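Asks: Given the sequences, and given the hints that come with them, work out the whole structure.
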Amino acid sequence: MALKIVVLVKQVPDTKRIIADAMKEDGTVNRQALPAIFNPEDLNALELALSIKDQRAAELSVLTMGPPAAASVLRDTLFRGADRVFLITDRKFAGADTLATSYTLMKTIEKICPDFDLIVCGRQAIDGDTAQVGPQIAEKLKVPQVSYVEAIENIEDGHLIVKRMIQNGAEWVRSRMPALLTVVDSANTPRPPKAKLIMKYKYASCELELDELIGKFPEFKDKDELRQYLVQKDLYIPVITADDLDIDPERIGMNGSPTKVKKIDRVVLAGGALKLFENTDQSLQEMIHELVEDYIIS
Amino acid sequence: MSNNPNKEVWVFIEHHHRQIHEVSFELLGKAKELSRTLNSRAAALLLGSDTKDLINEVKKYGADAVYVVDAPELETYRTLPYAKAACHVIRSHNPEIVLLGATHVGRDLAPRIASALGTGLTADCTDLKIEDYTFHDVNYEKILYQIRPAFGGNIIATIVNPEHRPQMATVRDGVMPIPEPQNKNNGIEVIPHAVTFDDSDMAVEIIKQELEPKDIDLKAAPVIVAGGYGVGSKENFKLVNQLAEALGAEVGGSRAAVDAGFVEKERQIGQTGTTVRPKLYVAVGISGAVQHTAGMKDSSKIIAINSDPDAPIFKVAHYGIVGDLNEVLPKLIDHFKKHDS
Numbered sequence: 001m002a003l004k005i006v007v008l009v010k011q012v013p014d015t016k017r018i019i020a021d022a023m024k025e026d027g028t029v030n031r032q033a034l035p036a037i038f039n040p041e042d043l044n045a046l047e048l049a050l051s052i053k054d055q056r057a058a059e060l061s062v063l064t065m066g067p068p069a070a071a072s073v074l075r076d077t078l079f080r081g082a083d084r085v086f087l088i089t090d091r092k093f094a095g096a097d098t099l100a101t102s103y104t105l106m107k108t109i110e111k112i113c114p115d116f117d118l119i120v121c122g123r124q125a126i127d128g129d130t131a132q133v134g135p136q137i138a139e140k141l142k143v144p145q146v147s148y149v150e151a152i153e154n155i156e157d158g159h160l161i162v163k164r165m166i167q168n169g170a171e172w173v174r175s176r177m178p179a180l181l182t183v184v185d186s187a188n189t190p191r192p193p194k195a196k197l198i199m200k201y202k203y204a205s206c207e208l209e210l211d212e213l214i215g216k217f218p219e220f221k222d223k224d225e226l227r228q229y230l231v232q233k234d235l236y237i238p239v240i241t242a243d244d245l246d247i248d249p250e251r252i253g254m255n256g257s258p259t260k261v262k263k264i265d266r267v268v269l270a271g272g273a274l275k276l277f278e279n280t281d282q283s284l285q286e287m288i289h290e291l292v293e294d295y296i297i298s
Numbered sequence: 001m002s003n004n005p006n007k008e009v010w011v012f013i014e015h016h017h018r019q020i021h022e023v024s025f026e027l028l029g030k031a032k033e034l035s036r037t038l039n040s041r042a043a044a045l046l047l048g049s050d051t052k053d054l055i056n057e058v059k060k061y062g063a064d065a066v067y068v069v070d071a072p073e074l075e076t077y078r079t080l081p082y083a084k085a086a087c088h089v090i091r092s093h094n095p096e097i098v099l100l101g102a103t104h105v106g107r108d109l110a111p112r113i114a115s116a117l118g119t120g121l122t123a124d125c126t127d128l129k130i131e132d133y134t135f136h137d138v139n140y141e142k143i144l145y146q147i148r149p150a151f152g153g154n155i156i157a158t159i160v161n162p163e164h165r166p167q168m169a170t171v172r173d174g175v176m177p178i179p180e181p182q183n184k185n186n187g188i189e190v191i192p193h194a195v196t197f198d199d200s201d202m203a204v205e206i207i208k209q210e211l212e213p214k215d216i217d218l219k220a221a222p223v224i225v226a227g228g229y230g231v232g233s234k235e236n237f238k239l240v241n242q243l244a245e246a247l248g249a250e251v252g253g254s255r256a257a258v259d260a261g262f263v264e265k266e267r268q269i270g271q272t273g274t275t276v277r278p279k280l281y282v283a284v285g286i287s288g289a290v291q292h293t294a295g296m297k298d299s300s301k302i303i304a305i306n307s308d309p310d311a312p313i314f315k316v317a318h319y320g321i322v323g324d325l326n327e328v329l330p331k332l333i334d335h336f337k338k339h340d341s
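As given, the protein sequences belong to chains A and B, one line each in that order.
Residue 107 in the working numbering is what sits at position 107 of the first sequence, and the numbering runs on without skipping anything.
Residue 164 in the working numbering is what sits at position 164 of the second sequence, and the numbering runs on without skipping anything.
Please keep in mind that the hints were generated in silico from the structure rather than gathered at the bench.
Computed from a predicted model, the values in this text were never measured in an experiment.
Where is the CB? At the ideal position from N, CA and C, for every residue including glycine.
Don't take every hint at face value.
[Claimed, not checked] Taking lysine to any residue pairs in the SDA-like style, the calculated list, with each CA pair at most 25 Å apart, reads:
| # | chain 1 | residue 1 | chain 2 | residue 2 |
| --- | --- | --- | --- | --- |
| 1 | B | K338 | A | N279 |
| 2 | A | K142 | B | K279 |
| 3 | B | K315 | A | I288 |
| 4 | B | K279 | B | P177 |
| 5 | A | K140 | B | D199 |
| 6 | B | K279 | A | E293 |
| 7 | B | K315 | A | A273 |
| 8 | A | K200 | A | I288 |
| 9 | B | K297 | A | A273 |
| 10 | A | K142 | A | A2 |
| 11 | A | K142 | B | A116 |
| 12 | B | K301 | A | K142 |
[Stated by the list, open to error] On the chain B side, residues computed to face chain A include the following (Cβ under 10 Å):
| # | residue |
| --- | --- |
| 13 | I55 |
| 14 | N56 |
| 15 | K59 |
| 16 | K60 |
| 17 | A83 |
| 18 | T122 |
| 19 | I188 |
| 20 | E212 |
| 21 | V316 |
| 22 | G323 |
| 23 | D334 |
| 24 | H339 |
[As the list claims (entries may be wrong)] Simulated coverage check for chain A against chain B, where a stretch passes if three residues somewhere in it have a Cβ under 8 Å from a Cβ of chain B:
| # | region |
| --- | --- |
| 25 | 57-64 |
| 26 | 91-99 |
| 27 | 159-167 |
| 28 | 174-185 |
| 29 | 254-264 |
| 30 | 279-289 |
| 31 | 292-298 |
Replies: In structure tokens:
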């Protein structure tokens with residue numbers, strides 16, 4: 001029987017390329033000014049799932065939650081070999097912290113793939129670096145989690161053997177399935193998109209993208225015709241909204257988020273913080289004194 | 001909002017092979033400080049097997065109470081039994097704040113607990129303090145301000161969790177000082193709890209662990225002295241080793257220094273080597289290419305020593321000394337030695 005794998009991915013701003021004007025006047029991040037990319041460790045998670053599918057019968061369902069533009073990371077997963085993709089998008093989900101996010105994702109998994117064998121996601125997303133959503137989903141689905149996964153060594157009899165990173169080394173564990181894995185970047189090198197799959201899926205779109213897409217298809221007189229065509233060709237990306245899920249409205253979005261951002265401060269660039277010391281006895285002593293004051297050395 | 005007269009501040013005690021992780025002591029120090037502001041107690045949450053010696057260790061670091069679950073299933077850290085035990089004790093006492101180290105263990109366990117308790121959690125904090133908070137005209141007194149870098153370190157966010165308890169955070173190791181250990185054990189309350197585990201808690205079993213040899217343990221080193229291509233020769237690299245010795249530090253090298261044969265491959269720091277985050281990182285003759293800085297930029301304090309004042313390493317450094325290492329290092333070694341004695 002085919003293994004049912006759910007892969008969770010996220011579109012994130014490329015935090016490595018933040019430049020000064022990517023910050024707004026008030027010090028908050030101007031997401032629009034940042035290139036949106038596939039969260040790096042989610043690509044490692046996808047690769048891990050695809051490598052299982054290389055070996056055995058498996059069906060990969062990919063989920064992402066985000067604005068309509070996040071459909072582009074779903075297309076990317078189709079280009080690499082995903083079987084089914086879903087976009088979870090709704091203004092009601094906005095402002096969610098990790099608790100509300102994990103609740104929404106858990107409810108979506110229960111709807112689209114309740115009999116999953118594995119859930120695979122990146123250890124963390126580079127915009128928040130929290131590494132919380134994976135374990136929180138596992139808790140909500142009452143399945144075991146294995147975090148910091150570097151490799152799957154074996155899958156058999158409803159169990160899998162996994163190598164994971166621990167402090168100062170590695171650990172091999174045997175986990176029952178269903179289970180949730182969070183994958184680190186040292187796990188693998190993600191395969192590139194396949195040309196054949198790009199050709200097949202380049203027009204894969206969700207409902208919210210049809211207005212834009214119809215410009216490329218003058219042969220269809222309206223969105224209904226275009227939608228019909230996409231559905232026929234298996235290119236119609238389903239959208240999941242709050243109304244599609246059996247959810248408690250108090251547990252999603254801002255309402256469902258215990259944590260609030262009190263304030264955001266710009267980081268003064270490290271360059272500006274540099275303090276130069278002369279190569280003199282007095283100056284070096286002063287530096288050592290500061291290190292002691294700051295508890296850096298005792 | 002739960003009624004919470006005690007408002008205790010708890011620290012999860014992380015231990016491996018019967019050794020308590022330093023971050024737990026750092027957090028006990030912080031917990032003590034926070035509990036004073038709250039007029040409450042600082043307490044340790046200790047889960048393990050045969051915990052007597054661990055309890056004695058915890059007592060030295062300022063906890064007013066130790067909550068203990070002692071069971072053979074808790075010998076080595078595993079998510080499910082640890083999460084179950086932690087949730088059980090937290091639900092029994094309703095602490096105001098629960099802190100964990102932002103280690104592999106803490107970052108695995110904390111979200112599992114927070115989700116089960118339906119409370120908020122902030123990851124990787126670098127600072128914590130107690131202040132009042134007002135939201136939509138409601139004033140919340142003495143709330144934990146959870147301060148953390150976000151967006152790849154480009155911003156610092158202050159996060160609060162005004163209405164749910166406990167307020168939970170993981171905190172990076174090495175950012176808070178370890179309190180001086182005390183030898184008097186008086187007045188510390190030990191509160192044992194019994195937890196029963198069932199088959200579903202044992203869904204994950206550990207087959208084996210392989211730990212990297214301890215003789216080169218860059219990740220755990222609180223102080224690292226690293227040399228780059230600019231050190232010039234294997235002979236000159238001895239000065240780097242001597243400085244490391246004076247500081248009780250581990251020796252590291254950039255990729256260029258490893259490629260040039262100045263230092264062993266096992267000591268390489270950077271994107272293709274080890275990523276480190278020590279309290280103190282001394283970069284000697286390292287230009288500061290991204291390849292290298294990606295693996296050390298999160299160190300608490302970085303001292304760069306380079307003869308080129310325009311070297312990019314000064315962009316990530318906190319302290320800089322521009323000069324020839326043959327002149328700077330002997331002086332610095334001397335001063336560190338003097339400081340130590």
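Asks: Run through the hints listed earlier and report the numbers of any the structure violates, in increasing order.
Replies: Per hint list: 2, 8, 12, 13, 14, 15, 16, 19, 25 violated.
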